[in-house]
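Novice: Spelled out from the first residue to the last, the chains are:
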Amino acid sequence: MRREIPLIITSFVGFLFVIRFFIPHEPFASMENTASSWIQVIKAFAIWLGILNLLKISGEKIYKKDKGWGFAAIVIASFLAISIAGFFFPFWETRTPGDSFIEHARKFQYPGTSFDWFYTYVYTPLSSTMFATLAFFIASAAFRAFRARSFQATLLLLAGFIVMLGSVPVGNALFSWLPQGWQVSDIADWIKNYPQVAGQRAIQIGIALGIISTSLRLILGVERSHLGGEG
Amino acid sequence: MVSLTIAGFLTLGIMSFVYKDNPVYKLCESIFIGVSAGYYFVSIFYQSLLPQLTDKIGITGELSDSALAYYRETGSLASPQWFNLIAAVLGVMMLLRLVPKIGWIARWPLAFVIGSTAGLRLIGELQTNIMAQIQKSILPLWDPQYIDGSLNMAASVGHSLTNIVMVAGILTGVVYFFFSKEHKGVFGGTAKVGIWFLMVTFGAAFGLTVMSRMSLLIGRLDFLLRDWLHLLG
Amino acid sequence: MSLPETPTPRTGQDFWERLAQLDRRIIFAFIFLALAIPLFFTIRQPIAVSPEGRAYFEAIENLPAGSKVLLSFDFDPPSSPELQPMAEATFKQLLTKNCKLVVIALWPQGPQQAEKALAVALRDPQFKDLKLEYGENYANLGFMAGDEVVIQKMNSDLPSTFPSDYKGNATLSLPIMQGVKNYKNFDFIINFSSGFPGTREWVQFCVDRSGSKMIAGNTAVQAPENYPYVRSGQLKGLLAGMKGAAEYETVVGKPGKGVSFMGAQSVSHLVVILFVILGNIAYFASRRKK
Amino acid sequence: MRKLFLAALLSTFFLISFSFVSAQTPPAPVTNLTAKDTPSDKGAQVDLSWTASPDEQRAENPVIGYQLLVALSSDSPFVAVGKADAGASGATAKDGLKNDQSYYFKVRAYAADSSFSESEVAGPATPTGQWWNTQPNYIWIFVGMVMLVGFILYNIRKAGKEELYIRPIAGINAIDEGIGRATEMGKPILYICGLGDAAQAATIAAFSVLGRVAQKVAQYQSRLIVPCYDPIVFSICQDVVKGAYLNAGRPEAYNEKDVFFVTQDQFPYMAAVNGIMLREKPATNFYIGQFYAESLMLAETGFQAGSIQIAGTDQLIQMSFFIVACDFTLIGEEMYAASAYLSKEPEQIGSIKGQDWGKVVFASLSLLGVVSALLEHKIGFFEMLKKVLLAE
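In order, the protein sequences belong to chains A, B, C and D.
The working numbering applies: residue 119 is where the first sequence begins, and numbers increase by one.
The working numbering applies: residue 502 is where the second sequence begins, and numbers increase by one.
The working numbering applies: residue 11 is where the third sequence begins, and numbers increase by one.
The working numbering applies: residue 91 is where the fourth sequence begins, and numbers increase by one.
Chain A with its partners taken away, still in its complex shape (with noise of 0.2 Å):
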């Protein structure tokens, strides 16, 4: 029960996948699109699963006054906030007349709405900024790494150079006395369009046939190791 019928639904769900792509005839197409409609909410469960684990986890880290349950309690009171914002403003803001309740609920991120206002006021900011910082590591890796000291390390520091220059417009304006055609910018092009797509194909090439073969194995449910250990 435990492992055998997971496997049997993984080996059914891949071949179907599989061997619509070959044949056209019902009753395979509208198996493979009602299975895609039951895929879709079952990843919007997922995305939920991962929420509640973290409900948990700081539910517990506050019951327990583990270090840093403050910042559990926070995480919590935020968490609510927004929530609130989402489910329950139908009940303080007017709805427009002719909706029913439930078309008025779906009009829960509208611009204005409370839940538009932590959109646009608490999350874009936050994470915005979070990703931003990455500015100034890319920064820092490109001068403690950026270095000759190997053939192949005079390789990557010469690409990613003059990728660097090509990318703007100031790289063409400091060596505008190099002819037409062989500007830093075309060079740049020229590497990325080539060499450096030649790379990435066989990286490719690799990769894909990596993900074939586990997908096979898990198709043909060789591969358990989803499945984790115990049971």
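In case anyone wonders, no lab produced these hints; they're calculated from the structure.
Owing to the predicted nature of the structure, the values given are computational and were not obtained by experimental measurement.
Hints are supplied without guarantee of correctness; some may be wrong.
Which residues of chain A face chain B? A few of them, derived with a C-beta cut under 7 Å, are [unchecked claim]:
1. Ser155
2. Ile169
3. Ser201
4. Phe226
5. Pro313
Here are some, though not all, of the chain C residues that point toward chain D, as calculated from beta-carbon distances under 8 Å [claimed, not checked]:
6. Pro74
7. Gly205
8. Val231
9. Gln232
10. Pro234
11. Glu235
Mimicking EDC-like on lysine to aspartate or glutamate, the simulated pairs with C-alpha atoms at most 20 Å apart in a straight line are [what the hints assert, rightly or not]:
12. Lys194/C - Asp185/D
13. Lys434/D - Glu683/B
14. Lys264/C - Asp134/C
15. Lys223/C - Asp175/D
16. Lys299/C - Asp24/C
17. Lys264/C - Glu71/C
18. Lys299/C - Glu27/C
19. Lys179/A - Asp348/D
20. Lys434/D - Glu253/D
21. Lys223/C - Glu71/C
22. Lys185/A - Glu346/D
23. Lys183/A - Asp348/D
By construction, the Cβ of each residue, glycine as well, lies at the ideal position given by its N, Cα and C atoms.
Go by the hints and put chains B, C and D onto chain A.
Specialist: What follows is chains B, C and D alone, placed relative to chain A:
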């Protein structure tokens, strides 16, 4: 204005991390974790579960009558509506992972997702990243270029060299990823050329990324200086 | 694969060695200034347009007037500095061609980003008199979970994949969606993406399976991964990051934020490059000593 | 008032005369209409093709679109079954068609003023579903799939019986050294499985490597910290680590609190892991699995904390960051190979062998194609081969 100030302080709070880990950063981080969890919690409900589940079953169906009529008419969704209840059951099974004793039941829906991913990937990778790439890797090593009807030597050599670089890069790269033979002798040498190509690939990818990361910070600075503090015109 | 060891810090270093291991916060400060100061000035610089960027523009330009276009917004606010200017300019070009626009999203934040970009485009005076109507000229079908499965499913049935739009209307009640069944009913597909699911999945499950024509706007990070698809013709054009946006604005002839931010980009790149050179000088100088 | 009346009169006159003129010139009909069952489909559709009306081009009152009409016999009334834009030379009729029923078709060319003309009747055509997609592209993919699947299955079988050779991968030693270093320093090891879910090949490889690392850690009696991103991956990691401690004969040393779920959101997750690095100062960090933008920040913070860092991913862009910022990086397929090498499972070793065979075929086909492209005009055989390969 109050809103912008809150956004501004949150921005500065996160940015302070690059100097040093500090309590203000921890505070912003906790708010972030909570708000983003809540954001997904709400969006998933309205944008995925309502249309894919309750609308199709008919609980909130007054909105999608025409959609349902469409299904009945074309039969493109061959299953009757109640079939979608199975999806709901599978979804709830997923959540049972939270209960330690019966957590194993989540393997059923998980198997569903894994099966579909495996099936789609098996064909997708083969089609897009292998078959299509073989076709694209077949390049003429001598690629004559004609300008106004006559052979242009410089352009021909240029194009041919480029093609040679492409083919050499792909093939030596593939040799590097060959695991059945040790990297020795000629084979090892070829693999080494493959590494050089990989190095150029990584260097170029890194170089291109710098732009991207700088863009992100420019976006934030634009917000701080223009939208919040009105220092920019 | 590995690069040679990074020298480990020791005590009693000379100037070059200390420079080689500069505190990264000094670099951080320089980067901050290099990005902030240029924002106060307008730096005029010529912008060279890459072939992929030009192809992107021309692909849209060559669409017959009134074409039906599907746009997928697969990114979130963190990537908006790169992708939002592209999306805005693309909307404008599509609207001047009187195209009918259907927006979908595979990332939950996508629909809101699309609304914001569309609002900017519609504010443009040239579209004021056109009386563009929701449902008739454009529609936003919102977000759907399921990643590549969603792309795959739209090959056979788009309306059942997105049963209702972002505002809660039934998709099939929108005039613009009349007769739309799958990708074949769209003349063109445009994808703005910053990760997974994104352009790679669109090529795999939409372009390769339905034969649709597609162009994409990517973050500069993601673009290298997708250049091979442009070379092989699976993508008709590709805009890469803020520079892509600036190129596009240049080709369209309407400089916007993309162009104006390129000044800060130039200066910050120069700073990074100078630090790399400095690092190498320090490295060789300290090595010669030994 | 009089002016208005005059204007109304005039415009009415023009309208009438205009429609009069154009009504007299309905567009030329489409010609050469053919109807055929759509190949390689699930049925219930028919492909129509035609030569467009020449009046698409005329300046006045041009053809603006076509309407497809269907009937059960050539003389019964026709009903609309779809439409096509001007410029089209074919369309698929599908609204309401049923399998195994013959249909007759006509196409109406519409001019801007709604005048129209009808083509000759085409048909009968009988829509049926096909049991196999016969487009050349699909056949080649099928051939490729059968071949690859055969390679992999054959080698898995073979690996079950005898030992197959896989060359030593440089990263393997780095993994062992990393564990040794942690033991010497008395500091913990941090293991990150990436952001992928349990269905991703990279995550599955990460489980294998984790099993090996955990077993060594259990033997050497050092500490292993595994913060997880995905709730499912988290519970699998728990099982893997617990199992490895059991295998090493030290189940009592397994500390449940060291394998934990953080949060399923990229940047908050990264922020939390960064915090762990700065506080615990692990001797060695492993990043194996699917990584995105967080890769560089993790690696930079890890460097700051003084850790040795070993990475492996199948995300192209992140590889470049790992190469730059980590001490050792397993590139793409190397990660799968390392996982096979460490696990010693015949399924994995056999897969790697099968993949190698696939690469040989890939390289040979490309080489053959390149040579034939070079000799394009000289040897007919190669040209033919290339045509076949390119499915021209």
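Novice: Take the C-alpha atoms of Lys434/D and Glu253/D, compute the straight-line distance between them, and say whether it is at most 20 Å.
Specialist: Given that 20 Å is the threshold and the Cα spacing comes to 9 Å, the pair holds.
Novice: Would the hint linking Lys299/C and Glu27/C be met if the CA-CA limit is 20 Å?
Specialist: Given that 20 Å is the threshold and the Cα spacing comes to 10 Å, the pair holds.
Novice: Identify whether the interface hint at Ser155/A stands, where standing means a beta carbon of chain B within less than 7 Å of its own.
Specialist: Check passed: Cβ of Ser155/A comes within 6 Å of chain B, closer than 7 Å.
Novice: Compare the distance between the alpha carbons of Lys179/A and Asp348/D with 20 Å, and conclude whether the hinted pair is satisfied.
Specialist: OK: Lys179/A and Asp348/D at ~15 Å, within 20 Å.
Novice: Sort out whether Asp175/D lies within 20 Å of Lys223/C, counting only the CA atoms.
Specialist: 18 Å, holds
Novice: Holds or violated: Pro313/A as interface residue toward chain B, Cβ cutoff 7 Å?
Specialist: With Cβ-Cβ at 5 Å, under 7 Å, it holds.
Novice: Can we keep the Ser201/A interface hint, with Cβ of chain B closer than 7 Å?
Specialist: Holds, about 4 Å.
Novice: Would you check whether Glu235/C satisfies its interface hint, that is, whether its CB is within less than 8 Å of any CB in chain D?
Specialist: 5 Å, holds
Novice: For the pair we were handed, Lys194/C and Asp185/D, check the Cα-Cα distance against 20 Å.
Specialist: With Cα atoms ~15 Å apart, Lys194/C and Asp185/D stay inside 20 Å; holds.
Novice: For the pair supplied as a hint, Lys264/C and Asp134/C, confirm whether the alpha-carbon distance does not exceed 20 Å.
Specialist: 12 Å, holds
Novice: Holds or violated: the hint that Gly205/C contacts chain D, with Cβ atoms closer than 8 Å.
Specialist: Holds: closest Cβ of chain D sits about 6 Å from Gly205/C, inside 8 Å.
Novice: Do the alpha carbons of Lys223/C and Glu71/C lie within 20 Å of each other, as the hint requires?
Specialist: 14 Å, holds
Of the numbered hints stated above, none is contradicted by the structure.
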